[in-house]
Amino acid sequence: MFKVKMVRLKPIAIVISVLMISACSHQTAVAPAAPQTVRSDYQSKIPGRFALFVNSEKMSQPPRQKEGVCGFHSFNLDARNAMKTSVLSSLRSVIEVIELVPAKMEGSQLSRAGYDAIITAEVEGYSLELELSERFFTADIIAEAELRIAFTAETAAGRTTGGTFDEDSEHKNGLGTLCSGVNTASSKAVEKVMGAAASELSERISNSDRLRKAIGERI
Numbered sequence: 001m002f003k004v005k006m007v008r009l010k011p012i013a014i015v016i017s018v019l020m021i022s023a024c025s026h027q028t029a030v031a032p033a034a035p036q037t038v039r040s041d042y043q044s045k046i047p048g049r050f051a052l053f054v055n056s057e058k059m060s061q062p063p064r065q066k067e068g069v070c071g072f073h074s075f076n077l078d079a080r081n082a083m084k085t086s087v088l089s090s091l092r093s094v095i096e097v098i099e100l101v102p103a104k105m106e107g108s109q110l111s112r113a114g115y116d117a118i119i120t121a122e123v124e125g126y127s128l129e130l131e132l133s134e135r136f137f138t139a140d141i142i143a144e145a146e147l148r149i150a151f152t153a154e155t156a157a158g159r160t161t162g163g164t165f166d167e168d169s170e171h172k173n174g175l176g177t178l179c180s181g182v183n184t185a186s187s188k189a190v191e192k193v194m195g196a197a198a199s200e201l202s203e204r205i206s207n208s209d210r211l212r213k214a215i216g217e218r219i
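Numbers 1 to 219, taken from my numbering, label the letters of the sequence shown in order.
If you are wondering where the hints come from, they were derived from the structure by calculation, not from laboratory data. Check the hints yourself; a few may be wrong.
As the list claims (entries may be wrong) - Below, simulated SDA-like cross-link-like pairs (lysine to any residue); rule was C-alpha separation at most 20 angstroms, straight line:
| no. | residue 1 | residue 2 |
| --- | --- | --- |
| 1 | K188 | F137 |
| 2 | K192 | L130 |
| 3 | K104 | T177 |
| 4 | K188 | R204 |
| 5 | K172 | S44 |
| 6 | K213 | Q61 |
| 7 | K58 | K172 |
| 8 | K172 | A34 |
| 9 | K172 | K84 |
| 10 | K172 | E200 |
| 11 | K192 | E67 |
| 12 | K66 | A150 |
| 13 | K192 | Y42 |
| 14 | K172 | R135 |
| 15 | K104 | G163 |
| 16 | K66 | A34 |
| 17 | K84 | C70 |
| 18 | K45 | E200 |
| 19 | K84 | R135 |
| 20 | K84 | K213 |
| 21 | K192 | I142 |
| 22 | K58 | S44 |
| 23 | K213 | N81 |
| 24 | K192 | D166 |
| 25 | K66 | T152 |
| 26 | K84 | T177 |
| 27 | K58 | V101 |
| 28 | K66 | T161 |
| 29 | K104 | N81 |
| 30 | K66 | G163 |
| 31 | K104 | T161 |
| 32 | K172 | K45 |
| 33 | K188 | Q61 |
| 34 | K84 | D140 |
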């Protein structure tokens, strides 16, 4: 009769096992979107001092992995701060002075804080989806990002413009060793969609006749 030998894991073996498991979790850094061209009907920037409040909390959600995409790996991507910086950078190309604020302000709050108006941009919808595209002896990873933005521009007297719009983007690259290509595809797709959204928002703000008139009457 064979005896079953119980093997006790030494502490070092336990540590190695934990490290192997944790190695399957990927944290992806997202850079702000590169500045993009904003199409404006006006040659000049909007005068005045603006506040900007960006609610981008939904952009910390992990990507959705379609079946067959790196099943033993998890991916975490936080684009909240990158989105705020992307929007601020783009709006600076159409507004003379604008700065981020931590909370929305209305009416007399704006005047007391020294602002002529506030722009609010809220990420109402956000998704990042990963898909595998297999080829001979290799594979590509495709990342698709989508954003829905709701925005308003308000002076102390009330709202001057606003609306909702959608943007989407895609990025594809090689899967890489241990699914490392997912990090690149994810971050690039999100950077692209942030850039497109920031540019669209800046265009709508810049081309708002009502906003320009309200600011012109104020300053």
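Practice prompt. Find the hints from earlier in the document that the structure breaks and name them by number, from lowest to highest.
Written response: 1, 3, 4, 5, 6, 7, 9, 10, 11, 12, 13, 16, 17, 19, 20, 22, 23, 25, 26, 28, 30, 32, 34
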